[in-house]
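> In case you want the letters, here they are:
Protein chains: 2
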Amino acid sequence: MTRTRFQHELDRLKQNLLAMAGMSEQAVQRAMEAYGSRDSKVCRLVLTGEASINLAEREIDDLALELLAMQQPMAVDLRFILAGIKINADLERVGDQAVNIAERVMRLITLPPADLPLDLPRTGFLASLMVRQAIEAFVRGDAALARAVLQMDDQVDAMNDEAYVTMSRVMRDTPQYAEQALNLLLISRNLERVADHATNIAEDVIFWVQGANVRHGVQVSTGGS
Amino acid sequence: MTRTRFQHELDRLKQNLLAMAGMSEQAVQRAMEAYGSRDSKVCRLVLTGEASINLAEREIDDLALELLAMQQPMAVDLRFILAGIKINADLERVGDQAVNIAERVMRLITLPPADLPLDLPRTGFLASLMVRQAIEAFVRGDAALARAVLQMDDQVDAMNDEAYVTMSRVMRDTPQYAEQALNLLLISRNLERVADHATNIAEDVIFWVQGANVRHGVQVSTGGS
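Respectively, the protein sequence lines represent chains A and B. For the record, in the first sequence the residue sitting at position 180 is 179 according to numbering that gives the first Met the number 0, with numbers rising by one throughout. For the record, in the second sequence the residue sitting at position 196 is 195 according to numbering that gives the first Met the number 0, with numbers rising by one throughout.
Honestly, I wouldn't trust all of these hints.
What the hints assert, rightly or not - Per label pair, the in silico range of CB-to-CB distance:
id, chain 1, residue 1, chain 2, residue 2, range
1, B, L110, A, Q209, 39 to 49 Å
2, A, S36, B, T173, 30 to 40 Å
3, A, D114, B, Q209, 44 to 54 Å
What the hints assert, rightly or not - Partial list, derived from the structure: chain A residues whose beta carbon lies under 8 Å from chain B:
id, residue
4, L62
5, V75
6, G210
No lab work stands behind these hints: they were computed from the structure. Using N, Cα and C, we set each Cβ at its ideal position, and we do this for glycine too.
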């Protein structure tokens, strides 16, 4: 493989990851749309869409393996490919979370509607945005944008902690809505995991771009606060 | 790097992953021990132990990167290293789940004890066993053992589904125990995720050993049914 061909294939890896991210993010958005509209047809779209995401994951892994096998990559390319392999796994799991949410919505639809004090669409919006920005950071090689994703994760965590407090109170005080409250809380936790995967992706981007591992609280200078 | 040195380093990668697996599995067992004894000291052991697991993860990633950079690996070694990178990420997340369980137990300890009809230690035992067997399958290169792990996952999923039914009934019928039931259900889901990670590891072992990707339902002949 020539160097030009290698660069071309690296670019293909990036494009495939971008497409994969689009599918995963869309799955989360659809699951939340189904939550809003109580629409089991949209839930089933998410469930059947999982196969395409899984297939895309496998193709990306094969491409990465091929890239590693065909040419001894330079250090910077190696880090890029490794980041791609990890991001791929995280995107697939974002898709899994969308499936979990769709399953919870399927259950909710069978229960009487209950107007409970929890703004899940807001959490869903933030979690989706984190995935999109993490992938944008990857495509652009933008570590500053990746760091912004890390900060958003704290917000989603706080929203999820609040969901625990609010929904366990509903369960205790209005047991007739206990199962509805439980499903809302489980969706909140699924969204929190989507945000965790976005955070992992952002950390992998920073690892690749800066050659610094910011996972687990190791500081990277931002030039600012 | 000579070929012998390279093999030696590959072996070191395997040994490090084995040690990492031991730490992650121990974290889950400790969290479940804390659940049984309602002991916040044991919970804190799990919480403080997370840093060591994160450090071990980073060292393994660095070692894998070094192996890929120093010598153009043969296809079989490349698959092994890639499996190692993915297994590493899954083991770290097993540790995360142990932390989540310990946090749930910390909350449970603050609530009045409730004797609820859910055998979480049994689920915990199975999930831990799956992690241990998946790693044994990796160390021995044993695809048959890895496939046994995949089957155990169905059992854990069934136990987790049952936990949903039982605990949502408790919430509805005895709302004074709603929060205890909720925390038990959340622990059940954490254990189900531990089992999922063990499943991912088993799939990576099969990918490496057989050169076949059994992820997402692609069949691998077992010579049996």
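> The structure should be examined with respect to each hint, and the outcome stated for every one.
Structure-based check of all given hints:
1. B:L110 <-> A:Q209: 39 to 49 Å: Once the Cβ atoms are compared, 44 Å apart, the range 39 to 49 Å for A:Q209 and B:L110 holds.
2. A:S36 <-> B:T173: 30 to 40 Å: At roughly 34 Å between Cβ atoms, B:T173 and A:S36 fall inside 30 to 40 Å, so the hint holds.
3. A:D114 <-> B:Q209: 44 to 54 Å: holds (52 Å)
4. L62: Result: violated, 12 Å to nearest chain B Cβ.
5. V75: violated (11 Å)
6. G210: violated (11 Å)
Hint violations for this structure: numbers 4, 5 and 6, all remaining hints satisfied.
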